[in-house]
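Please work from the sequences and hints to get the whole structure.
For the record, the sequence lines run as chains A and B. Numbering-wise, the first sequence is residues 90 to 572 according to this note's numbering. Numbering-wise, the second sequence is residues -15 to 475 according to this note's numbering.
By construction, these hints were calculated from the structure, which means they are not laboratory data. For each residue, glycine too, the CB sits at the ideal point set by N, CA and C. The hints are all genuine.
What the simulated footprint calls covered on chain A by chain B, stretch by stretch (three residues with Cβ under 8 Å from a Cβ of chain B suffice, anywhere in the stretch; the number is not a length):
{"id": "1", "segment": "290 to 303"}
{"id": "2", "segment": "442 to 453"}
Pairwise CB distance ranges, derived in the manner of DEER restraints:
{"id": "3", "chain 1": "B", "residue 1": "Tyr79", "chain 2": "A", "residue 2": "Arg339", "range": "52 to 62 Å"}
{"id": "4", "chain 1": "B", "residue 1": "Ala153", "chain 2": "A", "residue 2": "Tyr188", "range": "38 to 48 Å"}
{"id": "5", "chain 1": "B", "residue 1": "Asp280", "chain 2": "A", "residue 2": "Ala532", "range": "49 to 59 Å"}
{"id": "6", "chain 1": "B", "residue 1": "Leu246", "chain 2": "A", "residue 2": "Arg413", "range": "20 to 30 Å"}
{"id": "7", "chain 1": "A", "residue 1": "His318", "chain 2": "B", "residue 2": "Asp280", "range": "14 to 24 Å"}
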Amino acid sequence: MPSPSLAELAQQLASGQIRAADLADRALARARERAALNAFITLTPERARAAAATADAARAAGRAGTLTGIPFAHKDIFCTKGIRTTCASRMLADFVPPYDAAVAERLDAAGAVLIGKANLDEFAMGSSNENSAFGAVRNPWDPERVPGGSSGGSAAAVAAGIVPFATGSDTGGSIRQPAAFCGLTGLKPTYGRVSRHGMIAYASSLDCGGVLARRAEDCAQVLAAIAGHDNRDATSAPRPVDDYRAALDRPLAGLRIGVAREYFGAGVEDGVGAAVREALGELEKRGARLIDIGLPNARHAIPAYYVIAPAEASSNLARYDGVRYGHRCAHPASLEDLYSRSRAEGFGAEVKRRILVGTYGLSAGYYDAYYLRAQRIRRLIANDFAEAFRAVDLIAGPTAPTVAFRVGEKSADPLAMYAADVNTVAVNLAGLPAISLPAGFSAGLPVGLQLIAPAFAEGMLLAVAHRFQQHTDWHLREPGDSA
Amino acid sequence: MTSSHVSHHTSHAAWQPVIGLEIHAQLSTASKLFSGAPTAYGAEPNTQAALLDVAMPGTLPVPNCAAIDKAILFGLAIDATIAPRSVFARKNYFYPDLPKGYQISQYELPVVSRGRLTVRLDDGRTLTVAIERAHLEEDAGKSVHDAFHAETGIDLNRAGVPLLEIVSAPALHSPAEAVAYMRAVHTLVRWLGICDGNLQEGSFRCDANVSVRPAGSTTLGTRTEIKNVNSFRFVEKAIEYEIERQIRTLENGGTIVQETRLYDPTRHQTRAMRGKESADDYRYFPDPDLPPLILDGNRVATLRAALPELPEACRRRYIEVLGLGEQEAGQLCLDRATTEYFEALLAELPEEARLCANWVLGELAAALNEAGLDIADSRVAAAELATLLRHMREGAITLRSAKDVFAAMWAGEGSAEAIIEARGLRQISDTGALAAAVDAVLAEFPGQAADYRRGNEKLLQFFVGQVMKRTRGQANPQQLNALLREQLAGG
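Have a look at this one:
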């Protein structure tokens, strides 16, 4: 029997069939059972039980919402008051935030029960979840393979049936690619739709909070809880939130889906391309029209992203200096020594690489050639999308060019690793919403279909994904417990 | 101190100093530029630091509208361009009192650019100084070196306090011009109510860029920057010293090194700050946490409408319309509170501008000075002073009495009327009463009266004195003079 949807869980809770306390215990037990996946950095059993008791009491008092009592995991990039928040970095290994992220506040208010903080690539920098100071995360479909990154712990936790949903953040594909690798639905909302307040920054102009779950309708429900304007984030959109659940039942008839030929280029595995084309065929069968389109600047997305994101990161991560919080080296001999040793010891290799690259790209004499040029490319990429959306409603392609690769396969070759983001980063550069949904399998591993929509059209994305999922069951396939 | 001081030294005519000032005015807002923490001066260390000011991971800056409005107000006051779109940028460098590892400032697109300010020099000349830009930025925290043994403390109360950095063109050519410009900016920011101008507390700070070049040259020499000088006098002294030093260096065949120098007020010298290993590269880039600052025309228009009459316009009006002297007008326009007091007084006595000016700059200023009070906190309100002056003008009391009554009012003894009555200071203007006193005095001193009539007119003052003595000073002097002359002539 497939795992229940959030709506079904809510129903079971409402009917008294189960209690939130049971769900929390079950999730915690399952997390321990699947500890080898290394999906969690921190489990929070006491708080989970307390929150579950509160949820049960709220329900008994008739004050339950749609998420009340449902267990979940936060990517360990969202600050949680009183619960250490590490960003998978040695730098923040003992950091306990004195405040909650907006996303954490909203899910708390909705009554969802946090059971732990999920592993990730350090500071969300990575595409395999191998860059964690707390160890690599394993893919529940094949423990020899990566779950994708950077929200790899969130993806593994949902795929392994520990929690029905988890939060993630997506700067260049960090929700969508792990969702694809783990057979989940992952939604990256429009930039500004979900508050970044309390979400530890990697690249501020690209970072976006979102959700991973099994179903599009689950994502709709969670997005409804976490989306909305927040005056503590100046980049948050002051615009009302759509009723995503109500929008789910929109029909597909007449929908124009642009199939971007660049997304099927060299490097896309045959099995991946075939599964995605078949999924698109299914959508066509249900009334959508497939239209061949071009995104001529797509090939520039990776280089532009790997200039802009590191540039912002180099500045965002300057605060980790050993002075106020976080790792501080032992016995600093001078200020210089305090800075250099604290940072050398606190950051992992990929973070250092991006800080160096970013610092270089912003330096006098290089700024125009790198940062400014990358910003110009960013505008061209956004224009490509805007142009395409004059003729189509959505743009489709494979989320990632390959299925989940083997642990260690790309970790020695940063450029090969960066290429894994080829179809996802452009979406962040343009600030658009996109979803990855299970579209089939290749060599026994999940394949993700990415749908991209115009800004703030999350409702349409979710509706199309939901329709697709009513006619397919890829999203309900679950891995065995071999991992 | 003027530029002539510099020219004592030979060959100075061969060099032209070029000075530009960067003034940091702390905008007087209740909260910081990007956080809700209060900005009050002097609180316990780190009690006025929000999570953002500590650079807690995940915190984000949100611009303070009040600070932006104050920057715009300044821009309007210097007739500058207000950018419809300006950009906050990050200035990246590591320092313990800079929690985020970057300062949020404005770089390529400041909110205010290309303004100008008319400055009045001590020698009577006026100078229009070009102001290249004024941009918003946040202040850093403070390193505390004396609180802990062998350790440095960090106080982040000041971190994030809003500053307006006002950058003049390198268009000032003497220490006197520089300090006159600095004073004019100081007057203006207080006038606009955007900065309290407190130099001791660091709300108004100045860095000076100084270079010299051969007279007649149009290229700029290598400059040095003198940092954070906290008084007008020291700015003048520091620049003066630096000009001397540069000329001396160049005339001795040396070269000027572009560097930052600190002023030592005890020795009146500048000295190079400990050398930095490499040139600064602040890696400025637009802050991705802050969308560009878009100012719509309405907001600017509303602020323009709220702009008060500016000090220079006010000064000119006092001279041209009210007929005040240059000196008086200048003093009345030094700060807005003085002007407001004067205007309030003048509103009660519209025909008496000069009298009002004399009292504000005379008795009142002296009393305030002695009590160490600002005019806004004056113990005698403008309306109360107006009542007193009206009594004097109407002849009810003498100038002498008015000064005494003012002192009593200052001491809190009551209203002007109450004091006049209580002290019996009302002048004797009743002709009958005065005539009786005059008759009595003339009868008492017949010899002197005869002398006067023989032509010794100096004796008039003697009779005035005698009558005043009899009336305990309450005789109306004009009436008394007239009456005495009449009686003596007729006698």
